[in-house]
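**Q** Sequence:
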Amino acid sequence: MIFKISPAALSAVLLVLPTAQGFGVSSSNVVSNTNMLHTPRAFIPNLRHTSTVLFETEGELSEEEPVAEEAVAEEEAEEPVDDEAETIKKEIVELENTLKNKNREINNIEKLGEQYTEAGYARKVAEMESINRSRKASAADGKTTARAGVLSKFLPIVDELKRLTELHEGDEFAGKYKALSSDFNGAMGTMGVAEFTLGEGEFADATRVSVVVEEHSETIVKGSVIAVIEGSTGYEIEGNVMRPVDAVVSLGPEPAEEEESAGDAEASEE
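Here the sequence shown stands for residues -22 to -1, 1 to 248, where the numbers follow mature numbering (1 follows the signal peptide of the UniProt record, and there is no 0).
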């Protein structure tokens, strides 16, 4: 342990300390030991617990005090440098954000300026025309689809008039059914209803063909029409199918023949 003590205080301590406790210091030898006050360190070894007491003069401590003060001054000088660096970093971040915002504002202004140029005006006109065409096409499709849905409910009547006309063909009294059927079909035609059918070998589109039977065929490829069911007629309005055609669709060649041909080929190889 290091104690900072003045010469006067040291003398007072030496006078008070008893000699019987093993310190080996008495009031009689205070004067003779005054040279201790001028030595850098004085040791009193005869302590009861074998501890060592170290005394230093004011002169020696005064030489070390400036060193400690300089270290504290250096630490205090380093702190402002760190604060200044943090301040600069914050300013850089703020400037970068400001730059991004300014660039965004410039882009918005340029886009607004393009709208009032000749090219911007022409582009806007083209966009509006495209929107109008799309709306008209959607409206037309919607009307056609709605019309097809309503008129499809009258198709059973058309079929019944057609069946009665064919059933009573040649009967004078039933001739009025033929006229009624013709007038009804004419009215349907004025509203855009048209009949359609499919030929042999045509692709069986699921929206236009109702598959009644599927058969294997050596001449018709798979997924194509073999024949239309007798009496079946399809109806549509501007591409919107009201009722598909009933047809027989091909499954392609029979697989049994392919297996037999494969077995014959293996036998020939053996």
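Derived from the structure by calculation, the hints contain no laboratory data.
Keep in mind that this is a model prediction, so the values were computed, not measured.
Just so you know, even glycine gets a beta-carbon here, dropped at the ideal spot from N, CA and C.
Incorrect hints may have been included.
As the list claims (entries may be wrong) - Okay, derived cross-link-like pairs now, DSS-like style, lysine-lysine, Cα gap no bigger than 25 Å in a straight line:
(1) Lys121 to Lys131
(2) Lys156 to Lys140
(3) Lys131 to Lys102
(4) Lys67 to Lys78
(5) Lys102 to Lys121
(6) Lys89 to Lys78
(7) Lys102 to Lys114
(8) Lys89 to Lys68
(9) Lys78 to Lys68
(10) Lys154 to Lys140
(11) Lys89 to Lys102
(12) Lys154 to Lys121
To be verified - If you anchor each label on the Cβ, the simulated ranges turn out as follows:
(13) Val71 to Gly98: 31 to 39 Å
(14) Gly164 to Tyr99: 45 to 53 Å
(15) Gly148 to Ser112: 31 to 39 Å
(16) Gly148 to Thr168: 50 to 58 Å
(17) Ile207 to His146: 18 to 26 Å
(18) Ala165 to Ile207: 50 to 58 Å
(19) Ile135 to Tyr99: 54 to 62 Å
(20) Ser112 to Val199: 51 to 59 Å
(21) Tyr94 to Met169: 30 to 38 Å
(22) Ala124 to Glu178: 54 to 62 Å
**Q** It remains to establish, for every hint, whether it holds in the given structure.
**A** Cross-check of the supplied hints:
no.: 1; hint: Lys121 to Lys131; in the structure: holds (16 Å)
no.: 2; hint: Lys156 to Lys140; in the structure: holds (8 Å)
no.: 3; hint: Lys131 to Lys102; in the structure: violated (44 Å)
no.: 4; hint: Lys67 to Lys78; in the structure: holds (17 Å)
no.: 5; hint: Lys102 to Lys121; in the structure: violated (29 Å)
no.: 6; hint: Lys89 to Lys78; in the structure: holds (17 Å)
no.: 7; hint: Lys102 to Lys114; in the structure: holds (19 Å)
no.: 8; hint: Lys89 to Lys68; in the structure: violated (32 Å)
no.: 9; hint: Lys78 to Lys68; in the structure: holds (16 Å)
no.: 10; hint: Lys154 to Lys140; in the structure: holds (12 Å)
no.: 11; hint: Lys89 to Lys102; in the structure: holds (13 Å)
no.: 12; hint: Lys154 to Lys121; in the structure: violated (34 Å)
no.: 13; hint: Val71 to Gly98: 31 to 39 Å; in the structure: holds (37 Å)
no.: 14; hint: Gly164 to Tyr99: 45 to 53 Å; in the structure: holds (50 Å)
no.: 15; hint: Gly148 to Ser112: 31 to 39 Å; in the structure: violated (54 Å)
no.: 16; hint: Gly148 to Thr168: 50 to 58 Å; in the structure: violated (29 Å)
no.: 17; hint: Ile207 to His146: 18 to 26 Å; in the structure: holds (23 Å)
no.: 18; hint: Ala165 to Ile207: 50 to 58 Å; in the structure: violated (26 Å)
no.: 19; hint: Ile135 to Tyr99: 54 to 62 Å; in the structure: holds (56 Å)
no.: 20; hint: Ser112 to Val199: 51 to 59 Å; in the structure: violated (38 Å)
no.: 21; hint: Tyr94 to Met169: 30 to 38 Å; in the structure: violated (48 Å)
no.: 22; hint: Ala124 to Glu178: 54 to 62 Å; in the structure: violated (34 Å)
The structure is inconsistent with the numbered hints 3, 5, 8, 12, 15, 16, 18, 20, 21, 22, although it conforms to all the rest.
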